[in-house]
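Start from the sequences and build out the full structure, keeping to the hints where you can.
Residue numbers (the working numbering), protein chains in the order written: chain G, 1 to 659; chain S, 1 to 134.
Just to be clear, a hint being listed does not mean it is correct.
[Unchecked claim] Just so you have them, the derived chain G footprint on chain S, three or more residues with Cβ under 8 Å:
1. 3–11
2. 23–36
3. 51–63
[As the list claims (entries may be wrong)] Only pairs whose alpha carbons sit at most 20 Å apart, straight line, appear in this in silico SDA-like list of lysine to any residue:
4. G/K252 / G/M267
5. G/K252 / G/C298
6. G/K456 / S/T34
7. G/K322 / G/L570
8. S/K101 / S/S10
9. G/K472 / S/G57
10. G/K184 / G/G479
11. S/K2 / G/A481
12. G/K233 / G/Q314
13. S/K14 / G/E448
14. G/K347 / G/A264
15. G/K456 / S/N7
16. G/K417 / S/G26
17. G/K560 / G/P548
18. G/K456 / S/L46
19. S/K14 / G/Y450
20. S/K2 / G/G451
21. G/K472 / S/R83
22. S/K32 / G/G479
23. G/K381 / S/C65
24. S/K2 / G/A264
25. G/K437 / S/R83
26. S/K2 / G/G457
27. G/K184 / G/S363
28. G/K456 / S/F53
29. G/K2 / G/K184
30. S/K2 / G/A423
31. S/K2 / G/K560
32. G/K524 / G/S70
33. G/K468 / S/D6
34. G/K233 / G/K252
Since the hints were derived computationally from the structure, they do not count as laboratory data.
Every value quoted in this text rests on a predicted model; they were computed, and no experiment measured them.
Using N, Cα and C, we set each Cβ at its ideal position, and we do this for glycine too.
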Amino acid sequence: MKRIGVFVCWCGTNIANTVNIEAVTEAAGKMPGVVYAGNYKYMCSEIGQSKIKSAIIREKLDRFVVASCSPRMHESTFRKTAAAAGLNPYLVEIANIREHCSWVHKNKGEATAKAIALIRAAVAKAARDKELWATQIPVEHRALVIGGGIGGIQAALDIADAGFEVDLVERTPSIGGHMAQLDKTFPTLDCSACILTPKMGEAASHPKITLYTYSEVEKVDGYVGNFEATIRKKARSVDLEKCTGCGICWEKCPSRVKSEFDEALSMRKAIYIPFPQAVPNVPVIDRASCRWFTREKCGICRKTCPAGAVNFDQEDEVLQKKYGAIVVATGFDVLDLDDFGEYSYGKHPDVLTSLEFERILNSSGPTGGRLLRPSNQSPPKNVVFIQCVGSRDKSRGKPYCSKICCMYSAKHVILFKEKYPEAQAYVFYIDIRTAGKDFEEFHRRAVEEYGALYLKGSAGKVFPDGDKLLVKGVDSLSGHALEIEADMVVLATAIKAKSDAPQLARLLGISTDTHAFFMEAHPKLRPVEAHTAGIFLAGACQGPKDIPETVSQASGAAAKAIVLLSKENLLSDPCVSEVNESLCTGCLACIKVCPYSAITEKTIEEKIHGKALQRRVAEVNVALCQGCGSCTVSCRPGAVNLKGFTNEQIMAEVDAICL
Amino acid sequence: MKITRDNLCSSIVKEIAEISGENVAGCYQCGKCTAACPVNTVMDILPHQVLRFLQLGLVEALLNCNTIWICASCFTCAGRCPRGVDLPGIMEALRLILLRKRGFSRIKAGVIPRVADKGMPEQALVSAFRKYTR
Numbered sequence: 001m002k003r004i005g006v007f008v009c010w011c012g013t014n015i016a017n018t019v020n021i022e023a024v025t026e027a028a029g030k031m032p033g034v035v036y037a038g039n040y041k042y043m044c045s046e047i048g049q050s051k052i053k054s055a056i057i058r059e060k061l062d063r064f065v066v067a068s069c070s071p072r073m074h075e076s077t078f079r080k081t082a083a084a085a086g087l088n089p090y091l092v093e094i095a096n097i098r099e100h101c102s103w104v105h106k107n108k109g110e111a112t113a114k115a116i117a118l119i120r121a122a123v124a125k126a127a128r129d130k131e132l133w134a135t136q137i138p139v140e141h142r143a144l145v146i147g148g149g150i151g152g153i154q155a156a157l158d159i160a161d162a163g164f165e166v167d168l169v170e171r172t173p174s175i176g177g178h179m180a181q182l183d184k185t186f187p188t189l190d191c192s193a194c195i196l197t198p199k200m201g202e203a204a205s206h207p208k209i210t211l212y213t214y215s216e217v218e219k220v221d222g223y224v225g226n227f228e229a230t231i232r233k234k235a236r237s238v239d240l241e242k243c244t245g246c247g248i249c250w251e252k253c254p255s256r257v258k259s260e261f262d263e264a265l266s267m268r269k270a271i272y273i274p275f276p277q278a279v280p281n282v283p284v285i286d287r288a289s290c291r292w293f294t295r296e297k298c299g300i301c302r303k304t305c306p307a308g309a310v311n312f313d314q315e316d317e318v319l320q321k322k323y324g325a326i327v328v329a330t331g332f333d334v335l336d337l338d339d340f341g342e343y344s345y346g347k348h349p350d351v352l353t354s355l356e357f358e359r360i361l362n363s364s365g366p367t368g369g370r371l372l373r374p375s376n377q378s379p380p381k382n383v384v385f386i387q388c389v390g391s392r393d394k395s396r397g398k399p400y401c402s403k404i405c406c407m408y409s410a411k412h413v414i415l416f417k418e419k420y421p422e423a424q425a426y427v428f429y430i431d432i433r434t435a436g437k438d439f440e441e442f443h444r445r446a447v448e449e450y451g452a453l454y455l456k457g458s459a460g461k462v463f464p465d466g467d468k469l470l471v472k473g474v475d476s477l478s479g480h481a482l483e484i485e486a487d488m489v490v491l492a493t494a495i496k497a498k499s500d501a502p503q504l505a506r507l508l509g510i511s512t513d514t515h516a517f518f519m520e521a522h523p524k525l526r527p528v529e530a531h532t533a534g535i536f537l538a539g540a541c542q543g544p545k546d547i548p549e550t551v552s553q554a555s556g557a558a559a560k561a562i563v564l565l566s567k568e569n570l571l572s573d574p575c576v577s578e579v580n581e582s583l584c585t586g587c588l589a590c591i592k593v594c595p596y597s598a599i600t601e602k603t604i605e606e607k608i609h610g611k612a613l614q615r616r617v618a619e620v621n622v623a624l625c626q627g628c629g630s631c632t633v634s635c636r637p638g639a640v641n642l643k644g645f646t647n648e649q650i651m652a653e654v655d656a657i658c659l
Numbered sequence: 001m002k003i004t005r006d007n008l009c010s011s012i013v014k015e016i017a018e019i020s021g022e023n024v025a026g027c028y029q030c031g032k033c034t035a036a037c038p039v040n041t042v043m044d045i046l047p048h049q050v051l052r053f054l055q056l057g058l059v060e061a062l063l064n065c066n067t068i069w070i071c072a073s074c075f076t077c078a079g080r081c082p083r084g085v086d087l088p089g090i091m092e093a094l095r096l097i098l099l100r101k102r103g104f105s106r107i108k109a110g111v112i113p114r115v116a117d118k119g120m121p122e123q124a125l126v127s128a129f130r131k132y133t134r
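Laid out in C-alpha cells, this is it:
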C-alpha cells in the first residue's frame, strides 16, 4: 500500500475564503492510500515546506499531493521540497484548487466539493506515480539575436561582453533600427545618433559578435540549449570585404526610389546605404529597382567602383548554425492610417505622422534639419499635434496606449519652439501619461516654458483651407468647440506589432497576444522570457516601449541568456514520451502529429515461434521531445505513454472524479 | 470658436499676467480650486474654469462673469493648489482691470468701522477692499 500525504494550502484568503479548508482536509484524510492530511496558511513558505518535510519523515510518506495554486506557480517549489526530504521529485502531484476552484467559484459549498474532487483525482494519480530521473543535455555556447535595433544591439553587446559568441541578424542593410531615425531623445534631448552610433560601431567591431545584416532567420529547429537556425544572407550584390564605402556607386546610380529610412520623404538610389552612419557602411543593390536587374542595362556602379566590389552575380547564402539561446528584438511598426480619413493624412503634404516629423527635424533628414512645410517650404507658424491617433481606439485602431507618444510629442513641441520661438504649438490630447523619471517635468516644460496650448479633447476633422489646414476640435475642459488654422498637423500614430510577427512566432514556437506582440512567460515575474525555454524577448516586439525600457529589457534578456549559456549541461524534463515496443504496430501516426520531429521509425528483431522476424516500430528522441502528449492520443494501440502522465494515470484521475 | 496665437497672447492676457504675476500655463486643470471653494455653488464660471478660459485667451467672458465678484478671497484655492497658482491674485487682476476702467471706488472709508464693529470676518473685509477699492 502506498503512503500518501495531502497538504492543503489556504493561500492566505485566496483559497480559504471560498473553500472550507477543514472539511477538505478531513475528506482528504479518508481517501484511499492517504495516511496523513494537514493544512497550512502558506504551504509554499519556508514554514509550510518544513511542515511537509517533517510529515514525510514522521509519517513515512512515499509520495504526496499539495492542494494549492496552479502547478505553473509552485510545482517546482514542492518538487524541491520532496528532493530535500529524500523523495524522488516526480512523486509530487498538485491539485489546483485556486485557479481551477476558489478563484472561479463564489458558493463555498460547491467550491469545497469541487476542491475535494480535484484532490481525489490528484491522489489517484499520485498513487500511480513512478520515480523519474532527469537526464543531462549539453548546451551550445552561442546566442542568436534577431533584430538589430537598440534592443538587439544592447542584448548582443551584453552577451558578448560575458564572453559568448553572438550572431546578430538584421533584416535591413544596416543595424540601428528606429532609434537611428530619431533626432533627439526625451527627456534629456540627447542627440539620438550621438548615443546610438557608438553602440552600433561597438557591436560591429566586437570580437565575439558576428553581424548578419540584410539577412533573415528562415527556420529554427531544436530546443533550449540546442537550437539550430537557418539564416538567409540575402545577396547584397556588393562584396562586404572589398567595399570601402566611398559612395561613388550611389552618387552615379541613375535609379531613384523612395527612401524607407526617411519615411518616403526623400529619394534614395537603387544602390544605397540607408543612412550616412550605417553599419556596415557597405551599400546594397535593391534589385527590384536596379536597371541592371530589371532591364539588364546600366551597370554604372560596377564600372565606377574603384574597389571592384560590385558583384551582380552574388547569390543568397544560406547558413545553418547552432545556438544555445535566442533573443528576439524585432521592434515595431507604425499603424497604417487608411481608416482615419478625417485627418487628411496622405491627401495633404503638411499632415505628417510623428515619425515623418522626426525625420524633418533630423539634421540628417530630407530637409537637412530645416523644419519647413512640405507643401511650400515655408516656416510653419502654427503646428497642431494630435495625440492617440489609432491608440486607445478599439473601433478603428488599437485598444492599448502606445505609451511613448505623450513624451515624444512634448519633445516635438520643444524642438519646434526652439526653432521658431514666436510660433504656436497646439496639442489635442485625451490624457497625458508621463510615468517615468523626469517625464512629467519635461512635459510641463513644453506647457509652461514653451507655451504649448494643450487642449483636452480630440480633433474631429483636418481639411485644407486656402494654403492652410483647418483643424476642428474640442476643448472639453471649457466646453468649447474649436477651430485652429494650422500650417502643419502632426499625428501621434499608434505603435503596432511588426506585421510579420505572427509568422516569426510560429517559426520560433513562441506565442503572441491578441495584438501580435510576443507574449512573455509571466507578465510580472518572467517579463523577458518567452513561453518556450531558451527564447528571450527585448523591446517593442513584446509591447510598446521607449528606449530606456527597451535597453533595460534587452540587458535583462541578455542576463537570462548568459545564465543559460554559462551552463555546461541542462537537466532535461523526464516527462517525455516512451514507446512500448511490444504494443506498437508500426503505424507511425505519432510521427505525423509530433510538432518537434522527435519521433522516428526503427526496425527491431523479434523471435516468434523460434523464427527471427523484423518489425517496424516508433522511437522517441528524448532530447527533442517536449512532453506535449500529441503522440499518446494519436496512438491507436495505446503503445505510447507520456512519463508522469500515463494513460493509466489520466484514466485514474477521470475515474476518481466521475465514479 | 477660432483659436489663434493673437488671442492667446493678447495685450489683456499679458496685462493679467503682469498684474497677478502668475503664469496660467502652470495650471493643469485638476479642479482642486473649485473643489475647495466655499462659494462655488453661486458662481457662474467655476474657479478652475477661470484659469482654463485664460489659457484659451477668453478674457471677455471672465470680465462679464459674477465669479470674480463672488470670490471671497479666502485663499483656500491658492493654499491647496498643487501647481502653486495664485488664483485669488488672478481674480484680483481681473477685478482691477474692470475697476481701472470704471475709475471709481464703491466702498467709502467711513463705512468700514461700522461694518467692522458688527463682527465681520477679517477675510471678508480684506476681500471687500480688494473688490471695491482701487
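Cross-check of the supplied hints:
Check on the region 3–11 of chain S: 4 of its residues sit with their Cβ under 8 Å from a Cβ of chain G, so the three-residue criterion for coverage holds. Chain G is given as covering the region 23–36 of chain S, and this holds because 5 residues of the stretch bring a CB closer than 8 Å to a CB of that chain, at least three being needed. Given a C-beta distance limit of less than 8 Å, the hint that chain G covers the region 51–63 of chain S holds, as 5 residues qualify and 3 suffice. With a C-alpha separation of about 14 Å, the suggested pairing of G/K252 with G/M267 holds against the 20 Å cut-off.
For a cut-off of 20 Å, the pair hint linking G/K252 to G/C298 stands: about 11 Å separates their Cα positions. About 18 Å separates the Cα atoms of G/K456 and S/T34, which keeps this hinted pair within 20 Å; it holds. In summary, the hint linking G/K322 to G/L570 is supported, as the alpha carbons are separated by about 16 Å, within the 20 Å threshold. Restraint check for S/K101 and S/S10: satisfied, since their Cα atoms lie roughly 17 Å apart, inside the 20 Å limit.
As the CA atoms of G/K472 and S/G57 are separated by approximately 18 Å, the hinted pair is consistent with the 20 Å bound. Of the pairs offered as hints, the one joining G/K184 and G/G479 is violated, with about 35 Å between alpha carbons and a cut-off of 20 Å exceeded. With a C-alpha separation of about 9 Å, the suggested pair S/K2 and G/A481 falls inside the 20 Å cut-off, and the hint holds. As the CA atoms of G/K233 and G/Q314 are separated by approximately 11 Å, the hinted pair is consistent with the 20 Å bound.
Between S/K14 and G/E448 the alpha-carbon distance is near 15 Å, which keeps this suggested pair within the 20 Å criterion. For the proposed pair G/K347 and G/A264, the alpha carbon gap of about 15 Å is at most 20 Å, so the pair holds. This hinted pair checks out: G/K456 and S/N7 have alpha carbons roughly 18 Å apart, not beyond 20 Å. For the suggested pair G/K417 and S/G26, the alpha carbons sit about 18 Å apart, so the restraint of at most 20 Å is met.
Simply put, G/K560 and G/P548 have alpha-carbon atoms about 18 Å apart, close enough for the 20 Å limit, and the pair holds. For the hint linking G/K456 to S/L46, the alpha-carbon distance of about 17 Å falls within 20 Å, and the restraint holds. Of the supplied pair hints, the one linking S/K14 and G/Y450 holds, its CA atoms being roughly 16 Å apart against a limit of 20 Å. Our distance criterion of 20 Å between C-alpha atoms is met by S/K2 and G/G451, whose separation comes to about 18 Å.
Restraint check for G/K472 and S/R83: not satisfied, since their Cα atoms lie roughly 30 Å apart, outside the 20 Å limit. Restraint check: the Cα-Cα separation between S/K32 and G/G479 comes to about 18 Å, which is no more than 20 Å; the hinted pair holds. Distance hint between G/K381 and S/C65 is unfulfilled; the C-alpha atoms sit about 33 Å from each other, more than 20 Å. A hinted pair counts as satisfied when its Cα atoms are at most 20 Å apart, and S/K2 with G/A264 does not qualify at roughly 34 Å.
Under the criterion of a C-alpha separation no larger than 20 Å, the hint pairing G/K437 with S/R83 is consistent with the structure, at around 19 Å. Our distance criterion of 20 Å between C-alpha atoms is met by S/K2 and G/G457, whose separation comes to about 15 Å. Between G/K184 and G/S363 the alpha-carbon distance is near 10 Å, which keeps this suggested pair within the 20 Å criterion. Distance check on the hinted pair: G/K456 and S/F53 sit about 13 Å apart at the alpha-carbon level, within 20 Å; holds.
For the proposed pair G/K2 and G/K184, the alpha carbon gap of about 69 Å is over 20 Å, so the pair is violated. The suggested pairing of S/K2 with G/A423 holds, with an alpha-carbon distance near 17 Å, which does not exceed 20 Å. At most 20 Å may separate the alpha-carbon atoms for a hinted pair to count; S/K2 and G/K560 exceed this at roughly 56 Å. The suggested pairing of G/K524 with G/S70 holds, with an alpha-carbon distance near 16 Å, which does not exceed 20 Å.
A C-alpha spacing of about 17 Å is found between G/K468 and S/D6, which places the hinted pair at or below 20 Å, so the restraint holds. Among the hinted pairs, G/K233 with G/K252 is inconsistent with the structure: their alpha-carbon atoms are about 26 Å apart, more than 20 Å.
In the structure shown, a violation is registered for the earlier hints numbered 10, 21, 23, 24, 29, 31 and 34, in ascending order.
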